[in-house]
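Got chain C sorted already, so can you dock chain V onto it with the hints?
As given, the protein sequences belong to chains C and V, one line each in that order.
When we follow the numbering used here, the leftmost residue of the first sequence carries the number 1, and every step to the right adds one.
When we follow the numbering used here, the leftmost residue of the second sequence carries the number 1001, and every step to the right adds one.
These aren't lab readings, by the way, just hints derived from the structure by calculation.
A portion of the hints provided could be inaccurate.
Said to hold, decoys possible - Taking lysine-lysine pairs in the PhoX-like style, the calculated list, with each CA pair at most 20 Å apart, reads:
#, chain 1, residue 1, chain 2, residue 2
1, V, Lys1066, V, Lys1110
2, V, Lys1060, C, Lys224
3, C, Lys139, C, Lys118
4, C, Lys164, C, Lys224
5, C, Lys118, C, Lys91
6, V, Lys1033, V, Lys1066
7, V, Lys1110, C, Lys201
8, V, Lys1110, C, Lys164
9, V, Lys1033, V, Lys1060
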Amino acid sequence: MISKRIIPCLDVRAGKLTKGIKFKGNVDIGDPVEAARQYYEQGADEIVFYDITASSDKRDIMIEVVRRVAETIFIPFSVGGGIRNLEDMRKVIGAGAEKISVNSAAVENPQIITQGAKAFGSQCVVLGMDVKKVEQSKKTPSSYEIVVEGGRVYTGLDALWWAKEAQNLGAGEICLNSIDADGTQDGYELNLTRLISESVKIPVIASGGAGKPEHLAEVLTAGKADAALIASMVHYKTYTIAGIKHFLAERGIKVRNIW
Amino acid sequence: MIAIIDYNAGNITSVARALENIGGNFVITDDEKKLKEASHIIFPGVGAAGEAMAYLRPQKLDVALKNCFAAGKPMLGICLGTQIILEHSEENNTDCIGLVKGVTRRFPDKLTCGDRALKIPHMGWNSVVLRRKHPVFEGIAPEAEFYFVHSYYPAPAEEAVVLGVTEYGINFCSALTFKNLVAVQFHPEKSGRPGLQLLKNFCAWRGK
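Bound-form chain C, shown alone (with noise of 0.2 Å):
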């Protein structure tokens, strides 16, 4: 039977990882690339990079980045942040990433998705959702809204509506991430995560809250989730991989042992 996946996200701005990551020996890498070599050591069963760079001239930085990243890790990887049409999911997945992820793009063309997928297949096109909770209302029946710009913008989408209309577009993956949670260590949004992934039938990648490996097991169990984002947890070495997917054998939850 399928693994749960545990996905590490490694936030890079102008070809850096923009926090620390700290390895055995305290050594801090700065290095998105050595960062993704560890984690592939370590038994990440999938790697999401976000480019948060600003000004556009340096986002051929990142193609390099994924480039690079292709020659050190035999795991599939995905890549969002900047990506607005066509060519730039091109370029991502011609240097080698699996797949790539669009958010706020999407938001504001849903047709993004659709052109993605028909050009190279629904399993390359991950939406990324921010969402908050919010009061109930006509405009959001679920009480949940996505948001862009960090949270700052609401959209008056639904969220549960926004997920399905993905994927009837064609998306192949959604990740889901609560800005409510988001930075919080103190776990997933549980009932966003279940309401969403029994509510689609692509695969959902929980993210934001996670501070402990109790938190995974939530999530992927009563939060339904197939996949789970962890950042800080890792990055900061309070966890290790193994560490988390042993705790999670050790709770009936299947994850990949060997690597």
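Same frame as chain C, but now just chain V:
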């Protein structure tokens, strides 16, 4: 020299990078002459069966592949490459190459594991239970997992060709072998060390 067949279907560069990593000598080509000269053939692919066959046929690559197979060259099919080696695919209702008897089917709509509904595509890591030993799987632990991403699966007509089986709501054939051919549904080039080991084994295999 290993020939990776280029037919405009996706993950060619991933396969090439994995071969670079294990020190395999390869060429990416759609040239029949180069295929004839190659010692081994890798037939990769992601995408849809209909489009793949529509590209292969006018280039006569289907015929070239049949010739390579008949000549006894060791061949490795990957993902879509494996599916279109069979006779027919339910995807776009496509007639395929037919090196092996059987069809490619779509996963049933309501797949479950216990009370849990399973997602389509089957995307992620899963194990392969081998029915027997094979040189291409030599040195790979039985618990090893491989990376899958697909909505269709190979269903060969003859049990004898089934090499490995994977469970995802149903048991499906995830590895098959017939004479000098091995074909897998998963992506060895994206399956970490066990995947690289499989590619290494294939490069050393004589097809017997």
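Review point. When you check the alpha-carbon spacing of Lys1033 (chain V) and Lys1060 (chain V), does it fall within 20 Å?
Key: Distance of about 12 Å is within 20 Å: holds.
For a C-alpha distance cap of 20 Å, please report whether Lys1066 (chain V) and Lys1110 (chain V) respect it.
Violated, because 36 Å separates the two Cα atoms, which is more than 20 Å.
Handout entry: Pair hint outcome, Lys1110 (chain V) versus Lys201 (chain C) [Cα-Cα no greater than 20 Å]
Key = Measuring from Cα to Cα gives roughly 10 Å; hence the hint holds.
Is Lys1110 (chain V) within 20 Å of Lys164 (chain C), Cα to Cα? holds (17 Å)
* To do: For the pair we were handed, Lys1033 (chain V) and Lys1066 (chain V), check the Cα-Cα distance against 20 Å.
  => holds (14 Å)
* Could you grab the alpha-carbon distance between Lys139 (chain C) and Lys118 (chain C) and see if it respects the 20 Å cut-off? => violated (30 Å)
Q | Holds or violated: Lys1060 (chain V) to Lys224 (chain C), with C-alpha atoms at most 20 Å apart | A | violated (46 Å)
Going straight from one Cα to the other, do Lys118 (chain C) and Lys91 (chain C) come out at no more than 20 Å? holds (16 Å)
field: Restraint check for Lys164 (chain C) with Lys224 (chain C), where alpha carbons must lie at most 20 Å apart
entry: Satisfied, since the Cα-Cα distance of roughly 16 Å is no more than 20 Å.
Consistency note: the structure conflicts with the earlier hints numbered 1, 2 and 3.
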